[in-house]
Amino acid sequence: MSTIIENLKQFWFFTGFANATWQNLAMIAIGIVFITIAIKKGWEPLLLVPIGFGMIIGNIPMFPGLNIGVYEDGSVLNTLYQGVKQGWYPPLIFLGIGAMTDFSALISQPRLLLIGAAAQTGIFGAYLLALLLGFDPNQAGAIGIIGGADGPTAIFLSSKLAPDLMGAIAVSAYSYMALVPVIQRPIMLALTTKKERLIRMPAPRQVSQKEKIIFPVVGFLLTAFIVPSGLPLLGMLFFGNLLKESGVTKRLAETARGPLIDVVTTLIGLTVGASTQADKFLSGNSLKIFLLGLLSFVIATTVGVLFVKFWNLFLKGDRKINPLIGNAGVSAVPDSARVSEIVGREFDPDNHLLMHAMGPNVAGVIGSAVAAGILLGFLG
Amino acid sequence: MMRQSRIFILAAVSFLATLSAGAQNLTDLLIGEVLVENTDGLTDGYGHRNGWIELFNTSNGTVKFGGCYLSDDKSDLRKYHIPTSDRSAQLGPRQSVVFYASGDASHGTFHTNFKLRRGSTVYLVSNDGRTIIDQVEIPSDLPADHSVVRVPYGVKEMDFKTEINPTPTPGSYNGDVDAKTKSQIMKEQDPHGWVLTLIAVIVVFSALLILAFIFGWIGDFNKRSQESSRKPRKEKKARVARGGLTPEIAAAISMALSQEFGGEVYAAIAMALDDYLSGGVHDLESMVITIKPSTSGNWADKTQNFRQLPR
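Chains Z and S, in that order, give the protein sequences.
Note that this note's numbering has the first sequence beginning at 53, numbered continuously upward.
Note that this note's numbering has the second sequence beginning at 1105, numbered continuously upward.
Everything labelled a hint here was simulated from the structure, so no lab data went into it.
Check each hint, because a few of them may be wrong.
Said to hold, decoys possible - If we take Cβ atoms under 8 Å as the criterion, some of the chain Z residues that face chain S in the derived model are: (1) Trp-64; (2) Asp-125; (3) Asn-130; (4) Thr-131; (5) Gly-135; (6) Leu-166; (7) Thr-173; (8) Val-422.
Unchecked claim - Sample of chain S residues lacking proximity to chain Z, with all beta carbon distances greater than 12 Å (derived): (9) Asp-1132; (10) Arg-1153; (11) Lys-1178; (12) Asp-1180; (13) Phe-1214; (14) Arg-1221; (15) Tyr-1227; (16) Arg-1234; (17) Glu-1241; (18) Thr-1271; (19) Gly-1275; (20) Met-1290; (21) Glu-1292; (22) Phe-1317; (23) Asn-1326.
Keep in mind the model is a prediction, meaning the values are calculated, not measured.
C-beta: ideal position from N, C-alpha, C; glycine also.
Chain S extracted, bound-state conformation:
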């Protein structure tokens, strides 16, 4: 029955898995590039040359941006609403999309209802209409056919700096096109994965093998030190004896108690006394009787946390 239910849930999960994947946040988007005056560059589907805004997805996941807003006016952040109904309003990992600032939104999802102006600021606003995800200031002296571009840099190309670009690249990656992710490099160098597999198996085995050796040695050392510490234990017994409690007395007490409570109590007390007299450290383990008092301070004592009653 149990097995049947497990197989049933396996089937359910496999169905679920067909529907599964993930998506990322709108904050992974940024304005990648902006061009105001376009005289000989990109044309839209109507053959017109407009200014344009490029959005870039910085993450390794897919981002849906339907419902977000574009604006060039901070007092009206909801100026252009990107339709939520358009299925193409999404960006794959590290991809970009161009919006034409044609001033005529009736031309389609990717045409804003405003035109770009020098000296203004372009805002990308979250779908709540309030949160500014990213913004780019357009210099008032930006030459024609020059763009303001956010160039990725850094170890993993996850940081961005703003530059003026005389050769705009709408819809293309703004960084070093030859720069590749580690995954892309591995795909070229090790397309079948054998090299990585071999290295990884060696490293995992080596790490755990070294750990095994170290703890083998520590275990041996510990056993030896336990054997050599038997003499000091005798001294301790003697010291305890000076305090009045010898193993013989302890055994006598235990035997007297066993008369009254039976063998189990005798065994338990004998174990506890033996542990105490031999300097045992079984302070916190389960199934071991603890008679060693706590050596920690009383700060952890729950009674210290009680609120004092008002007097």
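The shape of chain Z in the complex, shown without the other chains:
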């Protein structure tokens, strides 16, 4: 009898109940909140469900040394986490993004690329502010990339520059991407006049298949030669797009934008969620990161809209650009372009800005990958 009791006692010490801390329970509760909101509200479910469940997995209290935790070598979770730590997942996601992105809007109006470039100032604004708050340059670079509004890029760069901050940066980036409509709309309204919001832009010209095929090849060669450190992201992005546009690799393109990106999105969400373990970290820095992330989105949107207004000073007639597409340089595809469309139609129901806004939107993807390459080159 005493042997049974002794063994039961020993078993008890291995259970989660015996090892639980309030931090574990708090993190599990947040994970459940994420899942609930994703299911009930349909709010970013593809990200919030894996991240939320990952938080629950990563914060199950356990006796250390069982070799099952995300940070324990050789465990299943640790093996899956290597894709985040070593930076495999983000380029694979970029492959899928490339295979699902239609760059026609950009190719037909290449001048809109510059709006995508202007919005990248959010990255560098946050970088400057992070330095001001006392972060080291590598940490500041990793925090700044939140302003790129690109989850995979943020994970990729922070895993290289500041792995300790990756959890906070990834969660911050994904959260603000989902909050784009809330953040951007008031800024757009505050910075534009009613007359500017009514500007109509001519329909973009039709783009030939040949141009669509040339774009990924030339785009890759140019950007990769300028910023070789952005090679993993840029290479995969343009390669995925070539698969889509070549017309002869339909199956590969469908796999890249379908099953492959789904698998990788599941794994990246799950493992990033699991890596946010309460017992691993309690840091005031994380609050600062969250604040800086918000500011980076605000700066990016503001500069994007103001850049278009400034540019309009030199444009005439139907060459003028509706400043409501300035926000779309923030590369949260396609959310920020959708915000341009919705806000534009509030003032003129027949003025469809979506196709115009998609130009700077996809330019923002390229711009943020280039910016990540620059930061990696200087600080990595």
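Please arrange chain S on chain Z, whose structure you already have, making use of the hints.
Below, chain S alone, put in the same frame as chain Z:
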């Protein structure tokens, strides 16, 4: 309501963010330096001179090593268990820690229960008690007060070579102490970040500006070539006519069908025929009728992948 839920999740995420950061793997650890006979070097908290083992974190993240093992016996890799309960059992980025090989673990977490011997091998073992993370062989002729040291080298000082060091450096960086990371260099040269920001903004703008110019030219060229290709298109029409299908016949067919099916079908067929006769390439785009047959081989045909039924 939607906005409220978003603000709610923002609050939840901000709370989460206070708990967030990351940690790295045990495989980022290595044995940085080992000294066997210590006659005039480092003393422990009890005033004794022991041999010692230095662990070094090669990564840019924090590594917790509680639960790992140190050993000098391959048949007993779990010889000294580093307590998991000790909160100090962790290393920050590129930091090191010294374990005294005093042979008396009761002196604390950083005292092993074995002493070092020349000619033996020191093992750092993962928390599973089986996986050897790193090992260092101690030469049998290692002089007193000399250490076996792993010196970082290479472009980013991420490779290591083993040397005998007459001037041990327990707890200190084993490489060139003057070597700095790029981040440290930037911190000195550009403490406020303006230089990097300026360079980065110029590079991003330049890259996208060049891309914009190139595609502006390609677009213009494409438009011009489309205009100049109108003549060959007429030839094609003539060629098609020799095959029996002229635009007039196509229109007639479409009109006949429109009598039966209505205007939409007429419009669709007319568009498709026009596309065909003018050599259109709208083969894969949505909202465009495709009548051009696939030019790819049939290897991609799904029917080619079906298993043949056994006969």
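Going by Cβ atoms only, is Leu-166 of chain Z closer than 8 Å to chain S? Leu-166 of chain Z check passes; min Cβ-Cβ to chain S is 6 Å, inside 8 Å.
Distal placement of Glu-1241 of chain S relative to chain Z, Cβ over 12 Å: Holds, since 23 Å exceeds 12 Å.
Holds or violated: Asp-125 of chain Z as interface residue toward chain S, Cβ cutoff 8 Å? This interface hint holds because 5 Å falls under the 8 Å limit.
Is the nearest Cβ of chain Z still more than 12 Å from the Cβ of Asn-1326 of chain S? Asn-1326 of chain S is in fact no farther than 12 Å from some Cβ atom of chain Z, at 6 Å.
Taking the minimum C-beta separation from Asp-1180 of chain S to chain Z, is that value above 12 Å? Given a closest Cβ separation of 17 Å, the condition holds.
Interface restraint verdict for Thr-173 of chain Z against chain S (beta-carbon cut-off 8 Å): holds (6 Å)
Run the C-beta distances from Gly-1275 of chain S to all of chain Z and say if the shortest one exceeds 12 Å. Fine: 21 Å to the nearest Cβ keeps Gly-1275 of chain S off the interface.
Does the CB of Gly-135 of chain Z sit less than 8 Å away from some CB of chain S? Interface hint status for Gly-135 of chain Z: violated (13 Å vs cutoff 8 Å).
Check on Asp-1132 of chain S being off the interface with chain Z, judged by Cβ distance over 12 Å: violated (9 Å)
Could you check that no beta carbon of chain Z comes within 12 Å of the beta carbon of Arg-1153 of chain S? holds (33 Å)
Distance rule for Phe-1214 of chain S, whose beta carbon must clear each one in chain Z by more than 12 Å: The claim stands: Phe-1214 of chain S keeps its Cβ more than 12 Å from every Cβ of chain Z (closest is about 19 Å).
If I take the minimum Cβ distance from Tyr-1227 of chain S to any residue of chain Z, is it greater than 12 Å? Its Cβ never comes within 12 Å of chain Z, the nearest being 15 Å, so this holds.
In summary, the numbered hints that this structure violates are 1, 4, 5, 9, 16, 20, 21, 22 and 23.
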